[in-house]
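Engineer: So the protein lines, in turn, are chains A and B. According to numbering that gives the first Met the number 0, the first sequence is numbered sequentially starting from 0. According to numbering that gives the first Met the number 0, the second sequence is numbered sequentially starting from 0.
Bear in mind the hints are in silico, worked out from the structure with no lab data behind them. What you are looking at is a predicted structure, and each value in this text was computed from that prediction instead of being measured. C-beta: ideal position from N, C-alpha, C; glycine also. Treat each hint with caution, since some may be false.
Simulated pairs of lysine to aspartate or glutamate, DMTMM-like, Cα-Cα distance not exceeding 25 Å [unchecked claim]:
(1) A:K602 to A:D667
(2) B:K77 to A:E32
(3) B:K77 to A:E15
(4) A:K50 to B:D16
(5) A:K41 to B:D43
(6) A:K50 to B:E60
(7) B:K63 to A:D667
(8) B:K77 to A:D8
(9) A:K41 to B:E42
(10) B:K63 to A:D9
(11) A:K41 to B:E73
(12) A:K50 to B:E42
(13) B:K93 to B:E73
(14) B:K62 to A:D8
(15) B:K77 to A:D7
(16) B:K77 to A:D9
(17) A:K50 to A:D9
(18) A:K41 to B:E110
(19) A:K41 to B:D16
(20) B:K62 to A:D7
(21) B:K77 to A:E19
Some but not every residue of chain B turned toward chain A, in silico, with C-beta under 10 Å [said to hold, decoys possible]:
(22) T14
(23) V47
(24) P54
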Amino acid sequence: MMWRKRTDDDFAREVEAHIELEADRLRSEGLSEADALAQARKTFGNPTRSKEQFYERNRWIWLEHIWQDIRHGSRSLARNPGLFAVATGSLALAIAAATAVFSVGDVLLVRALPVKNADQLRILAWVNKGDDAPVKNLSGYFGADDAGTGGRISGSFSWRAAQAFASDVREFADTGTFTPVQFTVTRNGASEYVKGSFVSGTFFRMLGANAAFGRPIQPEDDVAGKPKVAAISYRYWTSRFNGDPHAIGSVIYVNKAPVTITGVMPPSFNGIEPGRSQDLYVPMAAMTELEPDVSYSTTVPTTWWVQMMVRLHPGVEEQAASQSVQNVWRSVIAEYADPKTTPKVTLSQGLRGLTVSSHHMATYIYVLSGLALSILLIACTNLANLLFARAMARARDTAVRLSLGASRARIMQQLGMEAMLIAVPGTVLGVLLAGPFVGVLTRWVGADEGSVPSMWSDPRALAFAALVCLGTALAASIIPGLRVSKVTKVSGHMRLTRTLIPVQVALSLLLLVATGLFGRTLLQLMSFDLGFRTDRILTFETDGSRIGYEGAQLANLYTTIQERIAAIPGVESVGMSHHALLQGYMTGDEATVVGRPLPPGVKRNTHILRVSETFLPTMDIRLMAGRPLPRDTRAPVAIVNEAFAKRHFGSDNPIGHRLTFDAPARKDKQIEIVGVVQNAVYSSIREGVPPTVYLPFNQHVNGLEQMNIVVRSALPTGQLSEAIRKAVASADGTLPVMNLRTYRDAVSKAMEVERMFAMLVSGFGFMAVALSAIGLYALMSWTVSKRTSEIGIRMALGARAHSVQLLVVRQSVLLTIIGIAAGVPLAYALSSYVTTMLYGVQPTDPFSFAGGIVGMAVVLAAAAWIPARRASRVNPLNALRIE
Amino acid sequence: MPTQDNERIALLQGTLDLLILRTLVFGPQHGQGIARSIQSQSEDVLLVDHGSLYPALQRLEDKKWIAAEWGTSENNRKARFYTLTKAGKQQLAKETSQWQRLVAAMSRVLEGEA
Chain A
0 MMWRKRTDDD FAREVEAHIE LEADRLRSEG LSEADALAQA RKTFGNPTRS
50 KEQFYERNRW IWLEHIWQDI RHGSRSLARN PGLFAVATGS LALAIAAATA
100 VFSVGDVLLV RALPVKNADQ LRILAWVNKG DDAPVKNLSG YFGADDAGTG
150 GRISGSFSWR AAQAFASDVR EFADTGTFTP VQFTVTRNGA SEYVKGSFVS
200 GTFFRMLGAN AAFGRPIQPE DDVAGKPKVA AISYRYWTSR FNGDPHAIGS
250 VIYVNKAPVT ITGVMPPSFN GIEPGRSQDL YVPMAAMTEL EPDVSYSTTV
300 PTTWWVQMMV RLHPGVEEQA ASQSVQNVWR SVIAEYADPK TTPKVTLSQG
350 LRGLTVSSHH MATYIYVLSG LALSILLIAC TNLANLLFAR AMARARDTAV
400 RLSLGASRAR IMQQLGMEAM LIAVPGTVLG VLLAGPFVGV LTRWVGADEG
450 SVPSMWSDPR ALAFAALVCL GTALAASIIP GLRVSKVTKV SGHMRLTRTL
500 IPVQVALSLL LLVATGLFGR TLLQLMSFDL GFRTDRILTF ETDGSRIGYE
550 GAQLANLYTT IQERIAAIPG VESVGMSHHA LLQGYMTGDE ATVVGRPLPP
600 GVKRNTHILR VSETFLPTMD IRLMAGRPLP RDTRAPVAIV NEAFAKRHFG
650 SDNPIGHRLT FDAPARKDKQ IEIVGVVQNA VYSSIREGVP PTVYLPFNQH
700 VNGLEQMNIV VRSALPTGQL SEAIRKAVAS ADGTLPVMNL RTYRDAVSKA
750 MEVERMFAML VSGFGFMAVA LSAIGLYALM SWTVSKRTSE IGIRMALGAR
800 AHSVQLLVVR QSVLLTIIGI AAGVPLAYAL SSYVTTMLYG VQPTDPFSFA
850 GGIVGMAVVL AAAAWIPARR ASRVNPLNAL RIE
Chain B
0 MPTQDNERIA LLQGTLDLLI LRTLVFGPQH GQGIARSIQS QSEDVLLVDH
50 GSLYPALQRL EDKKWIAAEW GTSENNRKAR FYTLTKAGKQ QLAKETSQWQ
100 RLVAAMSRVL EGEA
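Using the sequences and the accompanying hints, generate a full structural model.
Structural biologist: So this is what it looks like as structure tokens:
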């Protein structure tokens, strides 16, 4: 071994030699053989002490001790494989939960953008309080204003304003503009939607973000007439190109136009908006060709759509930069409107990127953190209990070691090593388990799939897991360690366990209540009457607008597709709608019924769904009054749902009345209500049934893009999908067929996240209860074994079985009551934070609370009663003989 | 702890190292020999606890001021012999001069006071 230059034997021989030499000398001075040796030994002192000193001086003794503890610990854990498995397993689950929540929370709320000096970045925005901004066509993101003005934050500006900011604000070291869009990408004959952005040539330079391979978009790419290029995300590269290096330089078709890939961004770069994944970046200059229809004008001053991020010069005064921005802004507005009434532009910190959407996710993440922390605490107390019990079991041994001079630190170190023996495998297992958790949590908080990197490529998440591992081991071993090392005789020192149990009970109750709340939310969602039937329906999307169709031509294309599919033998009916139901998309407007104004204060918000005449019958959304949509008509018609009829007509008959909408695209038409259908959900179950108007799509072709098609048929899915693809291709061979799936799957996918989350929470709830029960059971068993003789005497003196049971159970009842008494107000206080995540359940839901308390009480009663029963069966004679 | 003889002085902390190095100037020596030689050269005034000699030897060996090797003593016993290294000689010179300055300073203070 490298740290041992001399063996102990060698040293021992030297000591022996010394003593013999000394004895030789003494003999030569005339001492007798025996006296000489005795005298020599006396002069030397204690040879063992010297050997020990040598032994300890000559190696990394602490390493030796740790190795000893590991050997000792694993031997004794191997003797209790069940115990080891339970402890490791429960810790693994807790660590998986904690690490996954950390990973998601870190990416969405904490982490700075992975670029140099991200603190110099700023985002330009303004607060939209209503009509005071001189803008007619506004697109982009909107967020609630934290300042409490009641306005909405917008980050969109006119092209002219963005150019002015870029050239005239001297405090900006660099600027970049961007606008997020959904591209249709065609590769190898297959089309799909890809989220991405148009970015200015300076965008990546401003960020200081380099490509992992190739190069990002550069200023010279962003010139009209230049060959079109794109940068892609690492995730897109690995999932669509299998990480092929030849992807760089290859051509893909974006919105039908050939585009050359120039670079792959690094895995850490996921766009500038946490929680949203961006896979494709294309220069702004390509917009006129790729998105000819889009109303993103570079000339109209009242069309605001350009978003802007800037980098300040180092050391620039925030105030000065803000003032310059204001000056430029005023001069741009003054070109066509009054700058005095125009809202100010703010420079907000861009360190973490665009946090508007992740801001909404914060509450969810806090709730998750709370849950994860509770679980971790429970697992930790359990580990502490376990270690303590083991330490107590060898308390006699420890006491002897302490009295022989072992240091307390040494005893604690041993406990710490035992904790690590459980914590390390627990953590490794936990990180392995955390992967799927991250996926569920990401979607539950509302972030895009893939916007949180995998645990293994995330050093921060791994570091966190390691930290939790150490922290858990330390926390779990320090209290038992302190107590055990003070123990000088074996006595009833279960006080620690006694204090930990109420803590566990309280935390478990918290989780059980959460289980109840989210479980009931799920039940409510699943039992909700959708208002349509999902069986035997296949659905898919297509988009003719991306391949050059528009207006009436596009409507005709869709009609042709519908006819071709309807002609497939075995298809019962086919329908089309602009948005698929229950997928979170909707179109809204404000409706007015001619001659029947709503009382002031009643909102006129109305959902609009453009459908084909066969959509409502195909989905089995039943007609309650009037007639169905006609197949072809010039006169504008509509069908409304019961919710709309009730809001505008009460119990009157809406048929024959006319309605109008506010939006310019629909404003001029007076639309006749021809029928009323039953209520059906639209964009999500949580939203409930909104007042809805169904309009024939071929009467409203303005801005018509994708179409969702539903096919009802008893044909086997495979055969039907094949026939559908052929039918679509016969209408136009380049049309994409996207998201082809059964409607059941589509709906259950919409609920999957809710279901997974409810399962996750209830899994943790049950785990917590089980852990608490194990803890209580262990305490009770220990108490019983300690009091066996006392019980024996009591029984010998005539105590009845049930009074003995009472004696034993009393303590656990007390601990449980304390725990529940602490847990109920805790759960009550915390449940209000989850209000927005629940559906059809109040946060103070009495069933969830009562269920939690009863469940907790029953499980704990069982855990306490089993040892109590054992106690009452003690044979007095045997009990006394034990002493 | 052996009873303290009035005429004998327990070694000051750190001085044992200097004495060992000094003893080895006259050639290789084993542990018992070093202890004996310190005691006899100091005319039995200095008390060397033989047991405490070995940690000191080990320390010096770790610092590479002395080297060790098994050999045979005059009376044919196997013993571990210590030799002064080059670094050890330099160290000895350094520590000796330090010691002399300390002694001079100490005596000036003590005699001045008297």
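Engineer: Hints first: check each against the structure and report whether it holds.
Structural biologist: Verification of the hints:
1. A:K602 to A:D667: Holds, at roughly 21 Å.
2. B:K77 to A:E32: Roughly 19 Å between the alpha carbons, so the hint for K77 (chain B) and E32 (chain A) holds.
3. B:K77 to A:E15: holds (10 Å)
4. A:K50 to B:D16: Since the Cα atoms of K50 (chain A) and D16 (chain B) sit roughly 19 Å apart, the hinted pair holds (cutoff 25 Å).
5. A:K41 to B:D43: Holds, at about 17 Å.
6. A:K50 to B:E60: holds (16 Å)
7. B:K63 to A:D667: At roughly 100 Å apart (the allowed maximum being 25 Å), D667 (chain A) and K63 (chain B) break the hint.
8. B:K77 to A:D8: holds (14 Å)
9. A:K41 to B:E42: At roughly 21 Å apart (the allowed maximum being 25 Å), E42 (chain B) and K41 (chain A) satisfy the hint.
10. B:K63 to A:D9: holds (18 Å)
11. A:K41 to B:E73: The hint holds at about 23 Å.
12. A:K50 to B:E42: violated (29 Å)
13. B:K93 to B:E73: Judged against 25 Å, a Cα distance of about 32 Å means the pair is violated.
14. B:K62 to A:D8: The given pair, whose Cα atoms are some 22 Å apart, holds under the 25 Å limit.
15. B:K77 to A:D7: The hint holds at about 17 Å.
16. B:K77 to A:D9: holds (12 Å)
17. A:K50 to A:D9: Measuring from Cα to Cα gives roughly 10 Å; hence the hint holds.
18. A:K41 to B:E110: Answer violated: K41 (chain A) to E110 (chain B) is near 39 Å, above 25 Å.
19. A:K41 to B:D16: At roughly 23 Å apart (the allowed maximum being 25 Å), D16 (chain B) and K41 (chain A) satisfy the hint.
20. B:K62 to A:D7: holds (19 Å)
21. B:K77 to A:E19: With Cα atoms ~10 Å apart, K77 (chain B) and E19 (chain A) stay inside 25 Å; holds.
22. T14: violated (18 Å)
23. V47: Given a least distance of 9 Å, the restraint on V47 (chain B) holds.
24. P54: holds (5 Å)
Hint compliance for this structure: hints 7, 12, 13, 18 and 22 are not met, and every other hint is.
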